[in-house]
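Each chain, letter by letter, is given below.
There are 4 protein chains.
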Amino acid sequence: MLEELKMAVYEANMLLAGSGLVFGTFGNVSGIDRDCGIVAIKPSGVDYSVLKAEDIVLVDLDGNVVESKLRPSSDTPTHIELYKAFPNIGGVCHTHSTYATSFAQAGRHIKPYGTTHADYFGGVIPCTRRMTPDEIAGEYEKNTGLVIAETFNSLDPERMSAVLVNSHGPFTWGKDANASVMNSVYLEMVANMAMNTEILKALGNDCDPMQPELLRKHFDRKHGKNKYYGQ
Amino acid sequence: MLEELKMAVYEANMLLAGSGLVFGTFGNVSGIDRDCGIVAIKPSGVDYSVLKAEDIVLVDLDGNVVESKLRPSSDTPTHIELYKAFPNIGGVCHTHSTYATSFAQAGRHIKPYGTTHADYFGGVIPCTRRMTPDEIAGEYEKNTGLVIAETFNSLDPERMSAVLVNSHGPFTWGKDANASVMNSVYLEMVANMAMNTEILKALGNDCDPMQPELLRKHFDRKHGKNKYYGQ
Amino acid sequence: MLEELKMAVYEANMLLAGSGLVFGTFGNVSGIDRDCGIVAIKPSGVDYSVLKAEDIVLVDLDGNVVESKLRPSSDTPTHIELYKAFPNIGGVCHTHSTYATSFAQAGRHIKPYGTTHADYFGGVIPCTRRMTPDEIAGEYEKNTGLVIAETFNSLDPERMSAVLVNSHGPFTWGKDANASVMNSVYLEMVANMAMNTEILKALGNDCDPMQPELLRKHFDRKHGKNKYYGQ
Amino acid sequence: MLEELKMAVYEANMLLAGSGLVFGTFGNVSGIDRDCGIVAIKPSGVDYSVLKAEDIVLVDLDGNVVESKLRPSSDTPTHIELYKAFPNIGGVCHTHSTYATSFAQAGRHIKPYGTTHADYFGGVIPCTRRMTPDEIAGEYEKNTGLVIAETFNSLDPERMSAVLVNSHGPFTWGKDANASVMNSVYLEMVANMAMNTEILKALGNDCDPMQPELLRKHFDRKHGKNKYYGQ
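So the protein sequences, as listed, match chains A, B, C and D.
Each residue of the first sequence is one higher than the last, beginning at 0 in numbering that gives the first Met the number 0.
Each residue of the second sequence is one higher than the last, beginning at 0 in numbering that gives the first Met the number 0.
Each residue of the third sequence is one higher than the last, beginning at 0 in numbering that gives the first Met the number 0.
Each residue of the fourth sequence is one higher than the last, beginning at 0 in numbering that gives the first Met the number 0.
Everything labelled a hint here was simulated from the structure, so no lab data went into it.
A virtual CB, placed ideally from N, CA and C, is assigned to each residue, including glycine.
Misleading hints may appear alongside valid ones.
Unchecked claim - Chain D side only, calculated, beta carbon under 7 Å to chain B, not exhaustive:
1. HIS95
2. THR97
3. THR100
4. ARG107
5. PRO111
6. TYR112
7. GLY113
8. THR114
9. ASP118
10. SER166
To be verified - Once the Cα atoms are required to be at most 20 Å apart in a straight line, the calculated EDC-like pairs of lysine to aspartate or glutamate come out as:
11. LYS5(B) x ASP46(B)
12. LYS216(D) x GLU134(A)
13. LYS5(D) x ASP32(D)
14. LYS174(C) x GLU3(C)
15. LYS141(C) x ASP219(B)
16. LYS224(B) x GLU138(C)
17. LYS226(C) x GLU140(B)
18. LYS224(A) x ASP155(B)
19. LYS216(B) x ASP133(C)
20. LYS221(B) x GLU138(C)
21. LYS216(C) x ASP155(A)
22. LYS216(D) x GLU140(A)
23. LYS221(D) x GLU138(C)
24. LYS110(B) x ASP207(A)
25. LYS141(A) x ASP61(A)
26. LYS221(A) x ASP118(B)
27. LYS226(A) x ASP155(B)
28. LYS221(C) x ASP175(A)
29. LYS216(A) x ASP118(B)
30. LYS200(A) x GLU138(C)
31. LYS221(B) x GLU134(C)
32. LYS141(A) x ASP118(C)
33. LYS216(C) x GLU138(B)
34. LYS224(C) x GLU157(A)
35. LYS174(A) x GLU157(A)
36. LYS110(B) x ASP155(B)
37. LYS226(A) x GLU157(B)
38. LYS224(A) x GLU138(D)
39. LYS224(C) x ASP155(A)
40. LYS221(D) x ASP46(A)
Work out the full structure: start from the sequences and follow the hints.
Written as structure tokens, this is what we have:
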């Protein structure tokens with residue numbers, strides 16, 4: 000059943016595998032069929048290099064496995080809470096990509112510093128609060144989803160398609176599984192440049208430049224009237 | 000018409016795609032035929048992996064599409080303003096490359112710190128002022144070009160072939176489309192090393208080195224008289 | 000003899016070579032047969048590109064070469080001390096991977112900042128004390144192992160499968176040679192993100208974001224009602 | 000003439016091209032035949048992708064081209080001064096590799112922080128003083144070599160096979176052209192880790208770690224008695 004959805008989710012997982020954002024068995028992508036309320040998701044702990052479309056696991060919105068020999072991703076309850084909280088999304092992606100995860104570990108939002116951010120994310124990319132010992136001891140993965148939903152209380156998930164889970168890493172979403180993966184890719188680029196931007200602002204503008212004579216010498220030996228670089 | 004220009008601009012866009020500076024549909028390169036005042040430019044939102052030479056769009060200097068099934072890059076009005084302001088350039092390239100964009104997002108010029116910079120850029124690589132709400136609300140992409148031209152009021156575009164648009168990213172140019180792409184590549188290298196240089200200057204020279212005994216031990220076990228590393 | 004162990008250690012060394020953590024002749028992996036107390040290890044100074052399974056050297060726990068034309072890795076005495084100190088491990092891996100080595104050079108532990116760390120390492124990844132001139136002048140490689148064992152006095156090597164040797168670099172271990180290599184890969188990821196996390200925490204949250212008008216303009220030209228990006 | 004030397008220098012240049020340290024026409028490698036005092040060096044401004052062994056240029060120690068259709072690297076006079084100052088070296092390599100050049104641009108020595116450094120470089124990797132306007136206006140490339148020689152007044156070029164030219168970049172050397180390239184590769188690794196080390200030391204050890212409950216939860220869901228990650 001739902002072969003088309005399973006194939007789409009398989010392809011989105013392989014897109015993630017080829018994106019450079021994940022390694023080994025890291026990360027997972029899901030997609031939902033809203034008509035029948037069934038989520039298709041990567042199986043737990045399976046390496047992308049051996050993943051097949053038929054391995055994709057189907058679960059209902061109560062987390063029951065509908066069809067599979069394999070166990071679904073251990074993060075499945077988080078995905079389910081996102082589908083419940085954000086009724087217009089069709090796919091969810093989770094990675095531990097380097098820069099986005101670093102912001103999550105620092106417990107820091109990602110502010111918008113430029114148009115690369117603005118092209119994909121309509122404001123500050125939020126970081127959740129830390130989870131409590133009770134939330135961790137209880138239904139941990141479900142509670143992760145609930146904390147994300149709480150963070151989006153006053154946010155529009157269609158203008159902000161990413162969140163950083165504090166001390167953990169990013170989740171992204173989109174109209175389908177493929178779009179959710181692309182948003183993970185854009186998020187990582189944006190996080191990388193946001194970190195650099197903050198470093199450059201902190202450094203300020205006080206460093207002495209090189210000698211002006213050396214600047215002119217090198218530019219002119221390549222581009223000046225008497226240039227002597229090259230053939 | 001202008002098949003040679005379209006092919007050159009296609010090849011320059013593919014050079015950009017292979018440079019590692021862009022991802023997906025990011026970035027765009029154009030070239031101009033100065034005799035007939037026609038600009039050839041990448042179509043909007045087309046992935047490099049499917050781009051063909053015949054997809055390159057021709058526009059005149061008023062922004063009218065001269066020949067194409069496809070819409071030109073949404074940044075076309077910026078390219079046109081650059082061709083108007085800098086009458087000797089033949090190609091323009093726009094990327095969101097990581098380090099150059101980080102400087103743009105920080106609103107910082109790139110000072111010359113070494114001969115790699117001096118080999119390609121004849122001074123401080125300027126960052127524009129921030130655009131005003133009116134400029135953004137109006138003809139935004141055209142105004143982006145006008146703000147660049149304003150920044151170059153007292154600068155020679157043949158000795159400085161790059162600019163950082165504040166809160167956005169870099170534009171570079173050259174004698175043709177291909178040269179404009181190469182300048183984007185050089186700019187990214189220079190920005191990367193400028194950021195490292197400023198970090199190293201800020202760190203200063205106070206760190207304690209390793210134990211001298213360990214230094215000698217390791218050097219000599221590989222290179223000393225009684226070396227015992229290797230076969 | 001022990002052809003299976005030698006093949007497993009060969010494959011683990013090639014896994015390391017393909018991991019991007021080592022270059023040239025850097026790094027070494029070993030495995031142990033606990034029944035006969037024999038360690039199989041990479042030969043010293045042999046490039047991975049020419050390494051063969053039959054080159055793997057067998058040594059006993061006194062460091063005597065049991066079978067080989069080649070000399071074992073110069074780090075062999077360190078591996079042997081780890082097998083003696085940690086009776087449940089089956090493989091050991093040593094690299095000079097960039098981020099883990101940087102923490103080792105800074106003489107700093109790697110604190111747990113997020114779940115990527117927690118997925119593989121059950122606490123703070125410890126850095127040894129500096130070695131003394133006497134330890135360096137004596138049986139240096141053996142003493143390196145003894146300093147690691149000293150660091151693990153009150154630590155469980157099954158919950159913490161990595162150590163940073165001060166002013167040197169990381170050693171990791173696992174149930175077999177392959178698992179020890181995977182732990183080196185995870186360690187490097189964790190070290191990279193820990194460094195970023197500390198930088199982001201130090202930077203704090205004071206930077207001004209971009210103009211809100213520009214944020215809205217770019218998001219809406221791609222995603223708004225009147226979007227005009229793309230075909 | 001000297002076909003063997005030309006082939007060795009060609010191969011060393013291609014090793015450099017494949018090392019990831021250079022781009023386009025950047026960098027150059029030479030080798031010397033001490034018996035006849037002839038240096039073989041890369042031609043100026045030739046891209047590695049089209050370089051052939053027969054393009055390698057032969058010059059004598061006065062800088063006269065002995066045999067070639069092509070002009071030698073514009074940095075040839077620097078190489079020649081190094082061969083004169085260091086009578087035991089057989090090859091010289093020049094790059095603008097990112098981290099080593101960043102230290103050069105910051106005008107900073109690279110201190111030894113760990114055994115990766117000690118494995119290849121027997122002490123502090125020195126940075127030259129800045130060149131004077133007169134030295135730049137005069138025989139610039141020759142003076143670059145003289146400033147390096149001055150820096151090595153009290154240093155042994157066999158224990159220290161690298162230098163950073165202030166505001167420029169690194170030169171390395173070795174027993175032959177190939178060894179000089181390998182030292183450029185090692186230098187870049189060492190510079191990268193030295194910069195990280197200094198950042199980590201500056202950051203210190205004050206950051207709060209993650210919640211201990213979350214640490215335990217994630218480790219145990221993968222490795223504990225009741226683990227539920229994977230199949």
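Hint check results:
1. Interface restraint check: HIS95(D) against chain B, minimum CB-CB distance 5 Å, threshold 7 Å, status holds.
2. This hint holds: THR97(D) has a C-beta 6 Å from the nearest C-beta of chain B, less than the 7 Å allowed.
3. For the restraint placing THR100(D) at the interface with chain B, the shortest Cβ-Cβ distance is roughly 6 Å, inside the 7 Å limit, so the hint holds.
4. Checking ARG107(D) against chain B by beta carbon gives a least distance of about 6 Å; that is within 7 Å, so the hint holds.
5. Look at PRO111(D): its Cβ gets to within about 5 Å of chain B, closer than 7 Å, so that hint holds up.
6. Taking 7 Å as the C-beta contact cut-off toward chain B, the hint placing TYR112(D) at the interface holds, the least distance being around 6 Å.
7. Taking 7 Å as the C-beta contact cut-off toward chain B, the hint placing GLY113(D) at the interface holds, the least distance being around 6 Å.
8. This hint holds: THR114(D) has a C-beta 4 Å from the nearest C-beta of chain B, less than the 7 Å allowed.
9. Satisfaction of the interface hint for ASP118(D) is found here, the shortest Cβ-Cβ separation to chain B being roughly 5 Å, below the 7 Å cut-off.
10. Taken as an interface hint, SER166(D) checks out: its beta carbon lies about 5 Å from the nearest beta carbon of chain B, inside 7 Å.
11. Straight-line distance between C-alpha atoms of LYS5(B) and ASP46(B) comes to about 17 Å, which keeps the hinted pair within the 20 Å bound.
12. A C-alpha spacing of about 11 Å is found between LYS216(D) and GLU134(A), which places the hinted pair at or below 20 Å, so the restraint holds.
13. Restraint check: the Cα-Cα separation between LYS5(D) and ASP32(D) comes to about 10 Å, which is no more than 20 Å; the hinted pair holds.
14. A distance of roughly 16 Å separates the Cα atoms of LYS174(C) and GLU3(C); the hinted pair therefore holds under the 20 Å criterion.
15. For the hint pairing LYS141(C) with ASP219(B), the CA-to-CA distance comes to about 17 Å; that is within 20 Å, so the pair holds.
16. Note on LYS224(B) and GLU138(C): the hinted pairing holds, with a Cα-Cα distance of about 18 Å set against a maximum of 20 Å.
17. Taking the CA atoms of LYS226(C) and GLU140(B), the gap is near 14 Å; set against the 20 Å cutoff, the hint holds.
18. This hinted pair checks out: LYS224(A) and ASP155(B) have alpha carbons roughly 16 Å apart, not beyond 20 Å.
19. Between the alpha carbons of LYS216(B) and ASP133(C) the distance comes to roughly 12 Å, so the proposed pair stays at or under 20 Å and holds.
20. A distance of roughly 16 Å separates the Cα atoms of LYS221(B) and GLU138(C); the hinted pair therefore holds under the 20 Å criterion.
21. Using a Cα cut-off of 20 Å, the hinted pair LYS216(C) and ASP155(A) holds, with the two alpha carbons roughly 17 Å apart.
22. Simply put, LYS216(D) and GLU140(A) have alpha-carbon atoms about 11 Å apart, close enough for the 20 Å limit, and the pair holds.
23. Among the hinted pairs, LYS221(D) with GLU138(C) is inconsistent with the structure: their alpha-carbon atoms are about 38 Å apart, more than 20 Å.
24. Between LYS110(B) and ASP207(A), the direct Cα distance comes to roughly 8 Å. Compliance with the 20 Å bound is thereby established for this hinted pair.
25. Distance restraint check for LYS141(A) and ASP61(A): the Cα-Cα separation of roughly 11 Å lies within the 20 Å cut-off, and the hinted pair is therefore satisfied.
26. Pair hint LYS221(A) plus ASP118(B) holds up; C-alpha atoms about 6 Å apart against a cutoff of 20 Å.
27. Under the criterion of a C-alpha separation no larger than 20 Å, the hint pairing LYS226(A) with ASP155(B) is consistent with the structure, at around 18 Å.
28. Pair hint LYS221(C) plus ASP175(A) holds up; C-alpha atoms about 17 Å apart against a cutoff of 20 Å.
29. For the given pair, LYS216(A) sits about 9 Å from ASP118(B) by alpha-carbon distance, which is consistent with the 20 Å threshold.
30. A distance of roughly 49 Å separates the Cα atoms of LYS200(A) and GLU138(C); the hinted pair therefore is violated under the 20 Å criterion.
31. A C-alpha spacing of about 18 Å is found between LYS221(B) and GLU134(C), which places the hinted pair at or below 20 Å, so the restraint holds.
32. The hinted pair formed by LYS141(A) and ASP118(C) meets the criterion: a straight-line CA distance of about 18 Å does not exceed 20 Å.
33. Using a Cα cut-off of 20 Å, the hinted pair LYS216(C) and GLU138(B) holds, with the two alpha carbons roughly 11 Å apart.
34. For the suggested pair LYS224(C) and GLU157(A), the alpha carbons sit about 13 Å apart, so the restraint of at most 20 Å is met.
35. Restraint check for LYS174(A) and GLU157(A): the C-alpha separation of about 9 Å stays at or below 20 Å, so the hint holds.
36. A hinted pair counts as satisfied when its Cα atoms are at most 20 Å apart, and LYS110(B) with ASP155(B) qualifies at roughly 16 Å.
37. In summary, the hint linking LYS226(A) to GLU157(B) is supported, as the alpha carbons are separated by about 15 Å, within the 20 Å threshold.
38. As the CA atoms of LYS224(A) and GLU138(D) are separated by approximately 18 Å, the hinted pair is consistent with the 20 Å bound.
39. Pair hint LYS224(C) plus ASP155(A) holds up; C-alpha atoms about 16 Å apart against a cutoff of 20 Å.
40. A threshold of 20 Å between alpha carbons decides the hint, and for LYS221(D) with ASP46(A) the separation of about 15 Å falls inside it, so the pair holds.
Violated hints, listed in ascending order, are 23 and 30; each of the other numbered hints is respected by the structure.
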